[in-house]
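*Asks:* Since the structure of chain A is already known, use the hints to place chains B and C on it.
Each chain, written out:
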Amino acid sequence: MFLDLIILILLVIAALWTVMTRSLLRASLGLALVSAILTLIMFNMDASLAAVFELSVCAGLIPVLFISVISLTQPLTFKEAVEHMRSRMARFWELPLIVLILGVILVLLSAKFKAKLPALETQASARFVLWHLRQLDLLGQIIILFGGVFGVAVLFKERKKRG
Amino acid sequence: MHALLILVPFLGSFILNLPFRKVNKRLSFGVCAALFLLQMAVILIPDFGLNKINPAALANIFNFDLGVDALSKVMLFCIGLVALVTLCTNSLFLKDSDDKFNFINVLLIAVSGMNGIVLAKDIFSLYVFLEITAVASFILIAFNREELGLEGAFKYILLSSIATVLMIAGIALFFLVSGSTHFAAIHSALLAQDKSLLINLAIALFVSALFIKGGLMPFHGWLPDAYSSAPAASSVFLAGIVTKAAGVYVLIRILVSIAGFSLTLKSVLLFVGAFSAIIGAIAALTQTDFKRMLSYSSISQIGYIILGVGTGTVLGLAGAALHIFNHAVFKSLLFMNSAAVEKALGTRDISKMGGLGSQMPVTGLTSVLGSLSCAGIPPLAGFWSKLIIIIALWSAGFKTYAVIAILGSVLTLAYFLSLQRSVFFGKLNAEFKNIKEAGFSLLFPMILLGVITLGVGIFLPLVLDKFILSFNAVLGG
Amino acid sequence: MVSAIFVVLLLVIGIYCILATYNLIRVLIGVEILIKAVTLLIIAAGRQNGNMALAQAMVVSIIVIEVVIMTIAVGVVLGIHRYNNSLDSRKIRKLKG
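Residue numbers (the numbering used here), protein chains in the order written: chain A, 1 to 163; chain B, 164 to 640; chain C, 641 to 737.
For reference, chain A alone in the conformation it holds in the complex (with noise of 0.2 Å):
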């Protein structure tokens, strides 16, 4: 229970330095901190299948996608990157107050909260539900992708030089 709580708190430790840090470089790196912590919390609740995929995605590809992404695009000058910098701070620095607050009031709110919740105890394992109920997500997972493939092809073709 208490190592739960550590762990949440890292995550959203790990969430406010993505947002407040300076280069988009480490911006991309601490995406793949939070999915990788999101993945411990999700191995701690037994849901093995889903932390699985997260961590090889979410913690993988997307932020090899962003940072071929900020790569291929070109960076500021020195002066402008300082100035940036500096109205950066101004902007984000209230962003770690309003966390805390925030979170201080809702674990106050908490006590007073109670809802009626079901609680029902399935034997099926993720695999199977996956496979044999849910056979329409499934597919829809496929045609998504058929139709990622032609986003891809679509929007990263090069353009033909205008006649």
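All the given hints hold, so there is nothing to weed out.
Okay, the calculated bits of chain C under chain B, using three or more residues with CB under 8 Å as the criterion:
{"hint": "1", "segment": "664 to 677"}
{"hint": "2", "segment": "689 to 699"}
Selected chain C positions facing chain B (Cβ under 7 Å, derived; list incomplete):
{"hint": "3", "residue": "Ile682"}
{"hint": "4", "residue": "Ala685"}
{"hint": "5", "residue": "Ile705"}
{"hint": "6", "residue": "Ala713"}
{"hint": "7", "residue": "Val716"}
{"hint": "8", "residue": "Ile720"}
{"hint": "9", "residue": "Tyr723"}
None of these hints come from the bench; they were simulated from the model.
Keep in mind that this is a model prediction, so the values were computed, not measured.
Cβ atoms here follow ideal geometry from the backbone N, Cα and C, with glycine treated the same way.
*Replies:* Here is chains B and C on its own, set in the frame of chain A:
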């Protein structure tokens, strides 16, 4: 058999991509058109498709959970019609055969996604197909890779993702409360408990997400930019069906199958609908760009549909469904007209146009039909759907809203008349003396839609009571 | 449920990131954080509920969808960069009205 409606467009796209590419490229237009015509035929001829084809073998391999009712049938027909019209528009605008091929494939995927939305009986599957449609729309808006198109696409992606997050949060709360994502299961779980805070929060999150997707005020920020900067065929497709299938249809389905029409919900819907209808119409009056004016007009008409839904009665629901169909027809028609004008003139600025009716007679005539139908003038189809919505509002006791709806109609007539006057009537600008009428592949769908809106308007009273009665089952189930 | 508090905190962080940044890529990072927040919400709901299998199936689908959306968003951002040579969101205010 219902699964075929999802599988077939997707398989069509898949097969078109198999090795024989040269042959496939030439066939792609015909195959695509045939598929959409088939979809429309399946709905119109009751014994033809949905009941007859019984592939028991298919049901044994796959376990898809789909269902159809009156509302779904209306949507399926609209999807087929608008997709067919988009296909024809596209062949005039995209010249490169590679681009055409990609467009047709993305269109097939979008149709597959929308068919899935209207057939799903499970809230999470509905979400998956909603995302398929959204992804296809992103690609369609950014298709030309022009600067404005990319900007509109980015705004749409951002707002759509926020709506996605809200929707998943709503689904998670529904899942928490009921232990499942099936419509029936969630509905019975909601009935078993009182409206606790969690359930109200879930419904609020979901409805807000759908307001964003449907382009209702005050969440309409992405709509004018996305519609006006997209390439011509994509605008026809988006305005004709995507926003309605993704936003309005899902809203109706959630209310009917899960949440029920509580009083707060009805008042919120009526207010948002009236607000969008009036403010959208006022904003349309001030526009100088043809497509932007049509986008604000779309926001206004979707406000009307939500007004019909907000009554919570069978009559209101039937009126809303009829207006969805009519809007698909006349808005696609109007966007095609604007595409023809843009192609002939090279500009979308209304202040530079005038007197085009003499040079482009078919475009002018069909645009008059579309405009009058949108404004609700008898005997065109739009008159009937607006009348039904106003009667539904009046008889359900929302008399002020009925008056607001009539006011909105007057505003609609005002901006369309001003549009017609500045574009098609009046004096012809000297530099546009030699423009020609649009090509056949654009004229054919324009005439088709004009005939449909006129024909439905004249013949609707004959089937009106059967149409309205079939919505009893939708509301009850 | 203690995780619900953290979900809300993550949502706030994500929204703040989207609102306060001038860089298009950071907007996408903000969207990613939002999606992670609701993923956590689904898993927490599954844990509370007992139906972890369905929750995991949902998370898997959401992750696949998220990847495709991010890929296309990145494609659009690259296209915008080719025109403006910068990723500043203040420079893409061409559409008005």
